[in-house]
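**Student:** The listed protein sequences derive, respectively, from chains A and B.
Under the numbering used here, the first residue of the first sequence carries the number 1, and numbering increases by one thereafter.
Under the numbering used here, the first residue of the second sequence carries the number 1, and numbering increases by one thereafter.
In case anyone wonders, no lab produced these hints; they're calculated from the structure.
Think of the CB as a built atom: it goes at the ideal place given N, C-alpha and C, for glycine as much as any other residue.
Don't take each hint at face value.
[What the hints assert, rightly or not] Below, a list of computed lysine-lysine pairs in the BS3-like style, where the Cα atoms sit at most 25 Å apart:
| # | chain 1 | residue 1 | chain 2 | residue 2 |
| --- | --- | --- | --- | --- |
| 1 | B | Lys49 | B | Lys71 |
| 2 | B | Lys99 | A | Lys57 |
| 3 | A | Lys57 | A | Lys71 |
| 4 | A | Lys71 | B | Lys99 |
[As the list claims (entries may be wrong)] Not close to chain B: a few residues of chain A, all C-beta gaps over 10 Å, as computed:
| # | residue |
| --- | --- |
| 5 | Val4 |
| 6 | Ile12 |
| 7 | Arg15 |
| 8 | Gln17 |
| 9 | Gln41 |
| 10 | Phe65 |
| 11 | Gly108 |
| 12 | Arg110 |
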Amino acid sequence: DTGVSQNPRHKITKRGQNVTFRCDPISEHNRLYWYRQTLGQGPEFLTYFQNEAQLEKSRLLSDRFSAERPKGSFSTLEIQRTEQGDSAMYLCASSPQGSTDTQYFGPGTRLTVL
Amino acid sequence: AQSVSQHNHHVILSEAASLELGCNYSYGGTVNLFWYVQYPGQHLQLLLKYFSGDPLVKGIKGFEAEFIKSKFSFNLRKPSVQWSDTAEYFCAVRNNFNKFYFGSGTKLNVKP
Numbered sequence: 001d002t003g004v005s006q007n008p009r010h011k012i013t014k015r016g017q018n019v020t021f022r023c024d025p026i027s028e029h030n031r032l033y034w035y036r037q038t039l040g041q042g043p044e045f046l047t048y049f050q051n052e053a054q055l056e057k058s059r060l061l062s063d064r065f066s067a068e069r070p071k072g073s074f075s076t077l078e079i080q081r082t083e084q085g086d087s088a089m090y091l092c093a094s095s096p097q098g099s100t101d102t103q104y105f106g107p108g109t110r111l112t113v114l
Numbered sequence: 001a002q003s004v005s006q007h008n009h010h011v012i013l014s015e016a017a018s019l020e021l022g023c024n025y026s027y028g029g030t031v032n033l034f035w036y037v038q039y040p041g042q043h044l045q046l047l048l049k050y051f052s053g054d055p056l057v058k059g060i061k062g063f064e065a066e067f068i069k070s071k072f073s074f075n076l077r078k079p080s081v082q083w084s085d086t087a088e089y090f091c092a093v094r095n096n097f098n099k100f101y102f103g104s105g106t107k108l109n110v111k112p
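One chain only, chain B, in its complex shape (with noise of 0.2 Å):
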């Protein structure tokens, strides 16, 4: 069965610390990745995605994210973060059926 697991159900960060949050997903055929991000109050909205091509993708607000294939990886990151991503945090897998798997996200909390 396909699925996708994010590790890291809560996050605390101080500003200007460094996050990785951690997605592997298990499917054997081709995929597209997708991390989206919810922010308290608000909908589910796209951060980045990766379809083919270069396996660093970035995203909007300096959100980065790496696909290792061997790994079947695909971690999010940002250098610095602030108080506003504090957020939800959701890693996705389409299956080339155009079916999406979430994972369970992970709650980031970033102390001011």
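Pulled out of the complex, with its shape left as it was, chain A reads as follows (with noise of 0.2 Å):
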């Protein structure tokens, strides 16, 4: 078990394009969340997914952002019609179900948006 993967570790896009990210849970963890994280701040949650059902979604995520995971293992995080202020590091995290579980994280997808 390698733990959470993300890819691409880094993007650059112009302005106005649609991205798309991708995150590998730990194997059988059932929970994936993403957040967002800017320069000087702690993570942001995004959404989150109890196997393929997403369950929480943040009122900061604009109708630009979707993300699934379709078949409860991998996921996909969109961001369409980028904007320069989309420009952070974007995290996923997974945990397997239960109430005292905790989350591992990925090392992260970085944003840049010119």
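Relying on the hints, combine the two individually framed chains into one complex.
**Tutor:** Next up, the structure:
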């Protein structure tokens, strides 16, 4: 088990383009989380899946953001019509299902919107 | 709105000094509390967590934290820091809807 992986690690795009990030959680982890982290801030919750069901979505997430976890394994986060304000580190975390279980974070995808 | 406050943004200590990092949260319901650490160039990793029971919890590398419900606080402590503790530390709260809220982090710089 190599932990949570995220691809790509870095993405540079022009404003207005669409981008998609992938997260592969630790195998058999039911829960998967997406966060956004900007400079000088802690991770900011975006959305959360339990298996393939998206159970929570932050109000901070505009309609340009969508996340999927179609088979309850890997997940994708898509940002449409990127804006400069979307530049951030996008973190994925996974955890087993259980009230006392905690999250394991991936290395993140750093997005730069020019 | 739920929030987590870490009042110390940047702390500089000499080796062997004692450490206390403050964390306060605002949420009236049942919470689980966490401290995460991010060493330079590495992922966020769990330092310790509190779910219930003894409010004084011990984590890895000699860290501990105390949950004081009346003060909505979960401060992180270590009696004697080492140069290898140089990192950024994040306090986090999970509410009963399984949403996590993180503080803005405290950068700790330990001078050898």
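**Student:** Evaluate each hint against the coordinates.
**Tutor:** Results for each hint:
1. B/Lys49 <-> B/Lys71: OK: B/Lys49 and B/Lys71 at ~18 Å, within 25 Å.
2. B/Lys99 <-> A/Lys57: holds, 9 Å
3. A/Lys57 <-> A/Lys71: OK: A/Lys57 and A/Lys71 at ~19 Å, within 25 Å.
4. A/Lys71 <-> B/Lys99: holds, 22 Å
5. Val4: violated, 8 Å
6. Ile12: Correct as stated: the minimum Cβ-Cβ distance to chain B is 20 Å, above 10 Å.
7. Arg15: holds, 27 Å
8. Gln17: holds, 27 Å
9. Gln41: violated, 5 Å
10. Phe65: It holds; A/Phe65 is separated from chain B by about 16 Å at its closest Cβ, greater than 10 Å.
11. Gly108: Per Cβ check, A/Gly108 is inside 10 Å of chain B; nearest 8 Å; violated.
12. Arg110: Since the minimum Cβ distance to chain B is about 13 Å, A/Arg110 lies beyond 10 Å and the statement holds.
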